[in-house]
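Student: Here are the chains, one letter per residue:
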Amino acid sequence: MADLSVNICGVQFKNPVLAASGTFGFGREYDTVYDISALGGISSKGLTLEERLGNPVPRIAEGRSVILNAVGLQNPGVEEFIRKDLEWLKSKRVVVIANVAGRTLEDYGAICKRLNGLVDMVELNISCPNVKSGGMAFGIQPQSVQCVTQEAKRNLPDTPLIVKLSPNVESIAVNARAAEAGGADCISLINTLTGMVIDIERRRPLIANNTGGVSGAGIKPIAVRMVYEASQAVHIPVIGMGGIQTAEDAIEFMIAGAAAVQVGTANFTDTMAMPKIIAGMNRWCDAHGIEKISSLTGTLTLNGK
Amino acid sequence: MKKDIAVTVRENVPVAENIYKMTLFSEELPKDIGAGQFLNLSVGDSSHLLRRPLGIMAHTQNTVTVCYQVKGEGTQMLAQKEAGDQLTCLLPLGNGFVLDESAKKVAVIGGGVGIFPLISVLNAYRGQKNFVSYIGFRNLAATCMLDELSACDKLTISTDDGSYGKKGNAVQAFLADYETEMPDEIIACGPPVMLRVLKAELSARKIDTHCLVSLEERMGCGIGACLVCVCKTTDGKNARVCKNGPVFDIREVEL
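Each protein sequence line maps, in turn, to chains A and B.
Every position in the first sequence, counted from 1, becomes a number in the numbering used here once 166 is added.
Every position in the second sequence, counted from 1, becomes a number in the numbering used here once 91 is added.
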């Protein structure tokens, strides 16, 4: 049995496998299939100050080895989350990460202020491609990444801040540094890539929102490259995600530079994906004589070096 | 209790044009499968990441039977599966049809692939209810499950082009018969347009008979976490088709 625990920004995780925001709700539904206390942590569905109803349906479509979604941040609002779900989630003894989004800089500040000290970590969603204002708009230009990070961190004196980066940018390294300069304690990446699938009989996009965020196994090489580049660019920890389906995928991300990983789409393919990944990482470590999984982080050597 | 289990294909046969019937075997099947519930089935190909939500038509202790229409790559993959192939499935999911205990006569309105979950209701309540059914197909080539449907006390089949049964659709056949039959409860499943017309007609004719409808939507997780498969409710909110449904009171949802 290897030691799977990791420590990120002073927060102790029993293992480095976290549920990615938007695929796992607040954990209650998956807890009816397996005990979610097996997980390292959960990043909540993206929360906004007020309730949001999200986009029209269909909100999901499939491509080969990928899916596209455009849910549009449907959520009950941060107060409802605090009132109805937070205590329950804490009782499951997993690291609770509140993923937050806003339309304006002030929204981001206000929601962070509300959550300061209540959750283990806050993950700033500045990379949602499926809402018209806010979301990804804050995540593209490095100046705005730094600005929204500063506003969030100013309101989170007691809670570590993760900034979730968009891959739909000119330079992931530049944006990672912008988040660090703004005061981020950690970065996570990648959010989904913007894409489209078309029903050729109707000559219309399959998703009501026309475009959607592409995720799943097919985006993994892009995500691994970006996690590597971002982790080389900053001195803060990196949480990696994008197409992780197996323990080997998760280990690949850690070698690239991730201190922990998030799993999203794979939960749809296999409801039991995360417990299987955790068990598989344990086996892999044992087979490779790795005593502490955290020792894998950032151990990549490039060819020619 | 929901279970995500490996299942073995027992049978996978065409039953109408582009419609297949698949029976899956497992000794681990949950015991509490209810009428109108569904399962989320892998298509057995690693490049297809989403499962296919399919209404359960019949089940025994170790088998569960679904029908599906071949529409895209995923269902084409499913159609190629043979007896002995392994798939995975999560079940039982959603809220099924729970009929009023006091209802003696139940009208069953089904269209196209919507008939399959309704057949599970006929099986579950066999001998307890008087079923008067109105089933619509596109044409003769699309007709299927006629033996299963013949278990109804009264059955009216219609096709859009009149190539089998009455010409017209299931809702028209139901409305033409309503005054004569006066059912105590109505259950329906079929294409969105069929359910929309049914809701509008019930409202226009001031028919307040309790009516349950089963909805279909593209899904992600199948258990209510991802908020992909929502429908609008009449109180202006969203309901999750997979968790709050797929069966809803017709008055509670916008169609």
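Please note: incorrect hints may appear among the correct ones.
[Unchecked claim] The following label-pair restraints were derived from C-beta to C-beta distances:
| # | chain 1 | residue 1 | chain 2 | residue 2 | range |
| --- | --- | --- | --- | --- | --- |
| 1 | B | Lys195 | A | Lys442 | 47 to 57 angstroms |
| 2 | A | Ile364 | B | Arg296 | 52 to 62 angstroms |
| 3 | A | Ile388 | B | Gln263 | 18 to 28 angstroms |
| 4 | B | Gly163 | A | Asn334 | 39 to 49 angstroms |
| 5 | A | Glu336 | B | Glu345 | 41 to 51 angstroms |
| 6 | B | Thr325 | A | Glu216 | 57 to 67 angstroms |
| 7 | A | Asp324 | B | Ser138 | 37 to 47 angstroms |
| 8 | A | Thr465 | B | Lys94 | 34 to 44 angstroms |
| 9 | B | Glu343 | A | Asn334 | 44 to 54 angstroms |
| 10 | A | Glu414 | B | Gln263 | 30 to 40 angstroms |
| 11 | A | Arg369 | B | Pro282 | 54 to 64 angstroms |
| 12 | A | Glu272 | B | Thr300 | 32 to 42 angstroms |
| 13 | B | Glu345 | A | Asp201 | 32 to 42 angstroms |
| 14 | A | Arg369 | B | Glu343 | 52 to 62 angstroms |
Please keep in mind that the hints were generated in silico from the structure rather than gathered at the bench.
Predicted model, so just to flag it, every value in this text is computed and none were measured.
Note that CB positions come from ideal geometry on N, CA and C, so glycine has one too.
Student: A separate judgement is required for each hint: does it hold in the structure or not?
Tutor: Cross-check of the supplied hints:
Evaluation of the 47 to 57 angstroms hint for lysine 195 of chain B and lysine 442 of chain A yields a pass: the beta carbon distance comes to about 49 angstroms. The hinted window of 52 to 62 angstroms between isoleucine 364 of chain A and arginine 296 of chain B is violated, with their beta carbons roughly 41 angstroms apart. The supplied range of 18 to 28 angstroms is broken by isoleucine 388 of chain A and glutamine 263 of chain B, whose beta-carbon atoms lie about 53 angstroms from each other. For glycine 163 of chain B and asparagine 334 of chain A, the Cβ-Cβ distance of about 27 angstroms falls outside the hinted range of 39 to 49 angstroms, so the restraint is violated.
Look at glutamate 336 of chain A against glutamate 345 of chain B: about 42 angstroms separates their beta carbons, and that is inside 41 to 51 angstroms. Distance hint check for threonine 325 of chain B and glutamate 216 of chain A: the Cβ-Cβ separation is about 22 angstroms, which falls outside the suggested range of 57 to 67 angstroms. Judged by the Cβ atoms, the range 37 to 47 angstroms given for aspartate 324 of chain A and serine 138 of chain B holds: they are separated by roughly 45 angstroms. For threonine 465 of chain A and lysine 94 of chain B, the Cβ-Cβ distance of about 38 angstroms falls inside the hinted range of 34 to 44 angstroms, so the restraint holds.
Between glutamate 343 of chain B and asparagine 334 of chain A the C-beta distance comes to about 39 angstroms, which lies outside the given range of 44 to 54 angstroms. Judged by the Cβ atoms, the range 30 to 40 angstroms given for glutamate 414 of chain A and glutamine 263 of chain B is violated: they are separated by roughly 57 angstroms. In this structure the supplied range 54 to 64 angstroms is violated for arginine 369 of chain A paired with proline 282 of chain B, their Cβ-Cβ distance being about 21 angstroms. Taken as a hint, the range 32 to 42 angstroms is violated for the pair glutamate 272 of chain A and threonine 300 of chain B, whose Cβ atoms sit roughly 51 angstroms apart.
Between glutamate 345 of chain B and aspartate 201 of chain A the beta carbon distance is about 37 angstroms. The supplied range of 32 to 42 angstroms therefore holds. In this structure the supplied range 52 to 62 angstroms is violated for arginine 369 of chain A paired with glutamate 343 of chain B, their Cβ-Cβ distance being about 34 angstroms.
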